[in-house]
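K.L.:
The primary structure of each chain is shown beneath.
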Amino acid sequence: MHELLLQFDWLLLIEKSVLILIIISVSLVIAMYETYAERKVAAVMQDRRGPNRAGPFGLLQPLADGLKLFMKEEIIPASSNRLLFILGPGLAMLTAMMTSAVIPWSSHIEIGGKTIHLQIADVNIGILYIFGVVSMGVYGVMIGGWASNNKFSLMAALRGASQIISYELAMGLSIIALLMMTGSLSLKTIVEQQQAPGALYNFFYQPLGFLIFLVCAFAECNRTPFDLSEADSELNMGFHQEYSSMKLGFYLFAEYINVFISSAVMSTLYFGGYDIPFVNDAALGQHIGQNWLASLEALSLIVKVVAFIFFFMWVRWTVPRFRYDQLMNLGWKVMIPLALANMLGTGFFILLRGH
Amino acid sequence: MGTTQVLFWFLSVLALISAIMVVVSKNPVHSVLWLIFVFFAISGHYILLNAQFLAIVNLIVYAGAIMVLFLFVIMLMNLNADTEPQKNKWLKIAGVVAGGSLLLVLVAALKHADMKNQLADMGSGDIGLIRNLGLTLFNDYMIPFEITSVLFLSAIVGAVVIGKKD
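Here the protein sequences line up with chains A and B, keeping their order.
Under our numbering, the first residue of the first sequence is numbered 526, with each subsequent residue one higher.
Under our numbering, the first residue of the second sequence is numbered 5, with each subsequent residue one higher.
Okay, derived cross-link-like pairs now, DSS-like style, lysine-lysine, Cα gap no bigger than 27 Å in a straight line:
#	chain 1	residue 1	chain 2	residue 2
1	B	K169	A	K858
2	A	K565	A	K597
3	B	K30	B	K91
4	A	K676	B	K30
5	B	K168	A	K858
In case anyone wonders, no lab produced these hints; they're calculated from the structure.
For reference, chain A alone in the conformation it holds in the complex (with noise of 0.2 Å):
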């Protein structure tokens, strides 16, 4: 047992658990904050003041519907499948936490002559991964709804799933187009390529791959105006309505994690990800020290990622719902031949450039 425990690399465990730790937690805050956002952004848009009672400009509301809603009375439904009707949330947010595993949240730091990576893991199907586990999301939202055993629920599970599976094709498409450039699948080598001196952002060489990206990106967090599963007028409260207290908190705080997570893949994979805009990395950080660098490029990212959140609010309370067979039609008839035409216009370039 002593020769097992001494196999592992524990100074790596330890720190890669800090980092996970660390990563998680920061989630989860701006998740929280996310809420909060979303009320005042709704607000600005609509005229109005937006939450403004707990703390200075309502700073604490977040704070005050977590409380809220983990005070509130847990009601499992008699007929519903127990195991799984817990196991839905659980999942979902699952889900919406495991992508961020991949995604390069700033170069390095040394600390006492030791290089730690600010990525949890730098695996070479990086984007793969992250298909992966987008896939895995719609089990949150069919298990949820079919372990409800309500009929909106269920109808609404289904038209989650089936959007979700629809708008995947077109998301892959899209990022074939991207991988045939860069030549790599690792996220962290994707950045690297757009940090060289010289080198421009790939939503310069890819903006009609962007633009159907980021319309996945709406559908697959099952944001307005692709939030079919939980149209109200239709199907009541959607896949989350048998769902009360801390279970519909997990479901709805999903979906914020996922927006933020979905942002922070954009500003990689399309906007130099932690690289710091108009600044040669390299010759700064000789400048300024490694740390300093690391923490400047960490911010970077941070502020593509509240830009593009921002982005995902402001299309919220502009754009109106589509019908289901609208949405339909948009994923298979206009996004799927649009990527492939984007893939082919690709490849033939990349074929002119190369002879």
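Since the structure of chain A is already known, use the hints to place chain B on it.
P.N.:
Just chain B now, kept in the frame of chain A:
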């Protein structure tokens, strides 16, 4: 026992238990969920063999897409434990005997096989990495690969034809 071996035994036990649960579960939805566990365990085995691409594609295609369709069908047909037909007792015994015989034949066939020289590389081989896989696929197996894509195309066309109402 190293980390790899611990993981191997854990994944094997997980895969076997989940596979048995797929067969044993009364509720079809539970069966599908156990089957997803099996796919996860098998993907873990692929990662142990350093075949990351295969592992993740197994998850995306099987656990992420095909199993969702299974769930769709089961949920839409509203299959429950109650609607599951109860099989005859003798039929069950016959099934157990047939399965046991198959296991016996497999064990007997593999008993004298040369296993020692066929052991897979654990965590070291690089054939499963996406780059090598792509090179092999598009150089050595170009024709079979293209023929497979034609097969897929015909499957899609077939699905569209069946899906048309009139």
